[in-house]
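Chains as they are written, first to last, in my numbering: chain A, 1 to 168; chain B, 1 to 168.
Some hints here could point you the wrong way.
Put simply, identical chains are the same to the list, so a pair is met inside one copy or across any two.
To be verified - Dumping the calculated DSBU-like pairs for lysine-lysine here, alpha-carbon to alpha-carbon at most 35 Å: (1) Lys120 x Lys46; (2) Lys156 x Lys120; (3) Lys156 x Lys31; (4) Lys31 x Lys46; (5) Lys120 x Lys31.
Think of the hints as simulated: they come from the structure by calculation, not from any bench. Computed from a predicted model, the values in this text were never measured in an experiment.
Protein chains: 2
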Amino acid sequence: MADFATKNYGIVAPVTPDERFMRMALRQAAKAAAAGEVPVGCVVVKDGRAVGRGLNRREGRQDPLGHAEIYALRQAARRTGSWRLEGCTLYVTLEPCAMCAGAIVLSRVERVVFAVPDPKAGFCGSLGNLVQDRRLNHRAALEQGVLAEEARGMMKGFFRELRRSRRR
Amino acid sequence: MADFATKNYGIVAPVTPDERFMRMALRQAAKAAAAGEVPVGCVVVKDGRAVGRGLNRREGRQDPLGHAEIYALRQAARRTGSWRLEGCTLYVTLEPCAMCAGAIVLSRVERVVFAVPDPKAGFCGSLGNLVQDRRLNHRAALEQGVLAEEARGMMKGFFRELRRSRRR
Numbered sequence: 001m002a003d004f005a006t007k008n009y010g011i012v013a014p015v016t017p018d019e020r021f022m023r024m025a026l027r028q029a030a031k032a033a034a035a036g037e038v039p040v041g042c043v044v045v046k047d048g049r050a051v052g053r054g055l056n057r058r059e060g061r062q063d064p065l066g067h068a069e070i071y072a073l074r075q076a077a078r079r080t081g082s083w084r085l086e087g088c089t090l091y092v093t094l095e096p097c098a099m100c101a102g103a104i105v106l107s108r109v110e111r112v113v114f115a116v117p118d119p120k121a122g123f124c125g126s127l128g129n130l131v132q133d134r135r136l137n138h139r140a141a142l143e144q145g146v147l148a149e150e151a152r153g154m155m156k157g158f159f160r161e162l163r164r165s166r167r168r
Numbered sequence: 001m002a003d004f005a006t007k008n009y010g011i012v013a014p015v016t017p018d019e020r021f022m023r024m025a026l027r028q029a030a031k032a033a034a035a036g037e038v039p040v041g042c043v044v045v046k047d048g049r050a051v052g053r054g055l056n057r058r059e060g061r062q063d064p065l066g067h068a069e070i071y072a073l074r075q076a077a078r079r080t081g082s083w084r085l086e087g088c089t090l091y092v093t094l095e096p097c098a099m100c101a102g103a104i105v106l107s108r109v110e111r112v113v114f115a116v117p118d119p120k121a122g123f124c125g126s127l128g129n130l131v132q133d134r135r136l137n138h139r140a141a142l143e144q145g146v147l148a149e150e151a152r153g154m155m156k157g158f159f160r161e162l163r164r165s166r167r168r
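For reference, chain A alone in the conformation it holds in the complex:
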């Protein structure tokens, strides 16, 4: 029975809070994909409640700073009434870049959870780790791999579609 439960044969596993909020971030990513943007989504959570959401809008808004994390952090600051996002967890489908990692440190986010690493531009472990740089005045806990298959699948599907549409 123990084996049955741990191997999880066809049983829907209870969803952890991290999975629940990463699922929300994936929904934001899906919205980005539907709008023709690279599918990245983000949710900022405080006391078990999503206080900020964002999706990548770089092309649509012609905003160089239009990453999902930036919108989510801004909304969270607005909704909580303070730029100090202490006690907040940020969920994002792709490892944050240098700008977003820097923004996370400035916002004093407590914990960052991302789905897939970004070996080309990620600064939460891949090219560097800005959110845990001991020289800066704030550091965040870091976790990766939550719903990684789903996030990776969405990304791959998006770029496959993009290449197909460009060949036409």
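Go by the hints and put chain B onto chain A.
Frame of chain A, contents of chain B only:
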């Protein structure tokens, strides 16, 4: 005479374009100080014209991402109609932090000129150099020290005032 000219005894030296635009950035910084914000100002220039201006508004707007560079880059993207700020120079009174350095790379700014280094949080030479990281897909030329005395003086004056007002 040569000595007289080079030592510049009381003579107003011709202003270089870099000094002219850094002076504009300093005016933005002065506005920030007047509003009780840490005095940092920024100007983005394209073809000899200021297309984006910004000043630090972190407290006033309770925006964790409210750095001068962020507002200036956003305005420049809006005014030029594209998030690709190729051919642009960014002038800022204080060395950009990790978030702003990351934003500069994402915006493809060609050149960054700052007045004073920030040994605590600067990522354009002090704690690291994100705008010239060869692993990223864009790099910017970098210059520092333009009107450094003025920028440093403004910063020092602001913090002296702040300490004084807190003692009251």
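Status of each hint after checking the structure:
no. : hint            : result
1   : Lys120 x Lys46  : both (30 Å within a copy, 29 Å between copies)
2   : Lys156 x Lys120 : within (15 Å within a copy, 39 Å between copies)
3   : Lys156 x Lys31  : within (15 Å within a copy, 47 Å between copies)
4   : Lys31 x Lys46   : both (23 Å within a copy, 34 Å between copies)
5   : Lys120 x Lys31  : within (23 Å within a copy, 38 Å between copies)
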